[in-house]
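*Asks:* Build the full structure now, drawing on both the sequences and the hints.
The residues making up each chain are set out below.
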Amino acid sequence: MKEKEISFKLNGADVAVSVLPNESLLKVLRRKLGFTGTKEGCGKGDCGACTVILDGDAVDSCLVLAMQVDGREVMTIEGLGTRENLHPLQHNFIHLGAIQCGFCTPGQLMSAKAFLDKNPRPTRDEIKVAISGNLCRCTGYVKIIDAIEVTAEGKLAAS
Amino acid sequence: MHEFEYFAPKDLKEALDLLSSGRGKYAAIAGGTDLLPAVRAGKAKPESLVDISRLKGLDHLRSGPEGLEIGPLVTHTKIALAPELNGPFKLLAEASLSIGGAQVRNRGTIGGNIAFGSPAGDTIPALLALDAVLTLQSKKGKREVKIVDFFTGPGQTVMKSDEIIVNIEIARASKAAASSFIKFGRRNAMAISLVSAGAYVELSDGHFKELRVALGSVAPMVVRASSCEEALRGKEADPRLIEEASKKVVDDISPISDIRASAEYRGLLAQVLLKRSINQAVAALARA
Numbered sequence: 000m001k002e003k004e005i006s007f008k009l010n011g012a013d014v015a016v017s018v019l020p021n022e023s024l025l026k027v028l029r030r031k032l033g034f035t036g037t038k039e040g041c042g043k044g045d046c047g048a049c050t051v052i053l054d055g056d057a058v059d060s061c062l063v064l065a066m067q068v069d070g071r072e073v074m075t076i077e078g079l080g081t082r083e084n085l086h087p088l089q090h091n092f093i094h095l096g097a098i099q100c101g102f103c104t105p106g107q108l109m110s111a112k113a114f115l116d117k118n119p120r121p122t123r124d125e126i127k128v129a130i131s132g133n134l135c136r137c138t139g140y141v142k143i144i145d146a147i148e149v150t151a152e153g154k155l156a157a158s
Numbered sequence: 000m001h002e003f004e005y006f007a008p009k010d011l012k013e014a015l016d017l018l019s020s021g022r023g024k025y026a027a028i029a030g031g032t033d034l035l036p037a038v039r040a041g042k043a044k045p046e047s048l049v050d051i052s053r054l055k056g057l058d059h060l061r062s063g064p065e066g067l068e069i070g071p072l073v074t075h076t077k078i079a080l081a082p083e084l085n086g087p088f089k090l091l092a093e094a095s096l097s098i099g100g101a102q103v104r105n106r107g108t109i110g111g112n113i114a115f116g117s118p119a120g121d122t123i124p125a126l127l128a129l130d131a132v133l134t135l136q137s138k139k140g141k142r143e144v145k146i147v148d149f150f151t152g153p154g155q156t157v158m159k160s161d162e163i164i165v166n167i168e169i170a171r172a173s174k175a176a177a178s179s180f181i182k183f184g185r186r187n188a189m190a191i192s193l194v195s196a197g198a199y200v201e202l203s204d205g206h207f208k209e210l211r212v213a214l215g216s217v218a219p220m221v222v223r224a225s226s227c228e229e230a231l232r233g234k235e236a237d238p239r240l241i242e243e244a245s246k247k248v249v250d251d252i253s254p255i256s257d258i259r260a261s262a263e264y265r266g267l268l269a270q271v272l273l274k275r276s277i278n279q280a281v282a283a284l285a286r287a
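If you read the sequences in order, they're chains A and Y. Reminder that position 46 of the first sequence reads as 45 in numbering that gives the first Met the number 0, one-by-one numbering, no gaps. Reminder that position 24 of the second sequence reads as 23 in numbering that gives the first Met the number 0, one-by-one numbering, no gaps.
All clues given are correct.
Some chain Y residues near chain A, calculated using beta-carbon distances under 8 Å:
#: 1; residue: Glu4
#: 2; residue: Thr32
#: 3; residue: Pro36
#: 4; residue: Arg39
#: 5; residue: Leu48
#: 6; residue: Asp50
#: 7; residue: Ser52
#: 8; residue: Gln102
#: 9; residue: Val103
#: 10; residue: Arg106
#: 11; residue: Met189
Hints in this document: simulated from the structure, not taken from any laboratory. Don't be surprised by glycine CBs; every beta carbon is placed ideally from N, CA and C.
*Replies:* Written as structure tokens, this is what we have:
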């Protein structure tokens with residue numbers, strides 16, 4: 000297979016990396032760029048653990064070929080906030096019990112971020128539809144929805 | 000993982016030249032939401048992928064005096080939100096909204112859903128009910144194929160390996176028309192349909208002037224419920240007549256048992272969803 004160098008914006012920074020045609024964005028993020036915050040749950044677009052934001056849209060990175068992001072903008076969980084400077088979504092997920100094992104969490108946050116950027120005042124039902132591509136085996140979803148709802152209301156849960 | 004080469008043609012001409020040069024071994028990729036899982040499962044083995052996802056001129060969605068024209072690259076997200084689909088063609092927006100979850104809808108395209116040709120492809124019953132006409136194009140030229148003639152079996156279509164869909168056309172509806180799409184899955188999202196139903200109705204003086212109902216996941220291809228349609232065309236849009244006619248659905252379908260549902264359940268569900276989708280479309284007209 001013919002390897003090719005692609006360049007794109009990752010969390011606001013320019014990156015260039017050599018990729019193979021059959022490498023997914025997910026694999027390249029994790030293995031070639033060291034951004035392991037994005038998780039592989041199923042590898043076939045069924046679970047949403049690999050959700051990243053591509054040009055403003057939440058997508059399953061396992062279904063995007065790395066070559067397809069040449070010249071585009073990608074945001075991963077690492078770009079959402081830092082330990083010292085949490086994004087309100089992250090703060091509310093932590094303090095409202097929306098995280099148990101944490102495996103689905105990066106994907107949930109990416110879906111939530113992309114969604115709230117387009118729909119800043121959603122109904123609870125709209126939130127449920129927005130995360131319906133993100134499976135969680137631990138929490139039963141209620142607290143994840145709560146955390147997104149509270150964030151949309153502009154509030155920070157008590158620490 | 001299966002190895003393949005990747006091409007990113009800069010325009011349609013280059014894409015079609017590539018597909019032609021592939022002699023059947025190249026596959027077009029857009030959103031890849033069906034193709035990549037198929038490749039990873041070993042069900043598709045293209046030598047090369049020709050990325051058509053960024054080609055210009057294939058993502059139009061325009062309403063004109065003749066009707067609606069939709070490009071193959073329009074994503075399900077865009078179709079679900081399109082104001083042009085707010086009237087009689089609403090079932091197509093409802094169908095696209097029922098697919099996957101947000102992530103899949105942001106990448107998956109209507110052209111891909113059609114070309115993949117699954118008997119469970121959710122936009123297909125909607126397009127069959129709307130009598131859509133596809134334009135296929137290859138290096139050799141263009142041709143039009145009615146959607147009802149497009150599928151030949153599960154995952155099989157009349158499209159050649161050097162062709163892609165370049166337009167989907169839906170003829171203008173009469174004023175007194177409405178439509179409805181219903182999908183049942185084992186979940187509310189991220190589900191392959193157990194049965195899906197798309198109904199398009201035109202009423203005149205309370206009678207069915209036109210009625211087209213298509214059912215998904217109950218036959219090797221998405222099918223029109225012709226027996227039910229014949230029983231109702233020209234008749235009064237009365238729930239009891241619709242109920243009677245829905246019993247004829249057994250003549251139009253051949254459901255199978257699989258991990259999602261039994262053939263028997265699918266048969267019962269097909270009858271109910273056929274009835275419901277027609278009733279919902281009729282009710283939508285009454286409200287209009």
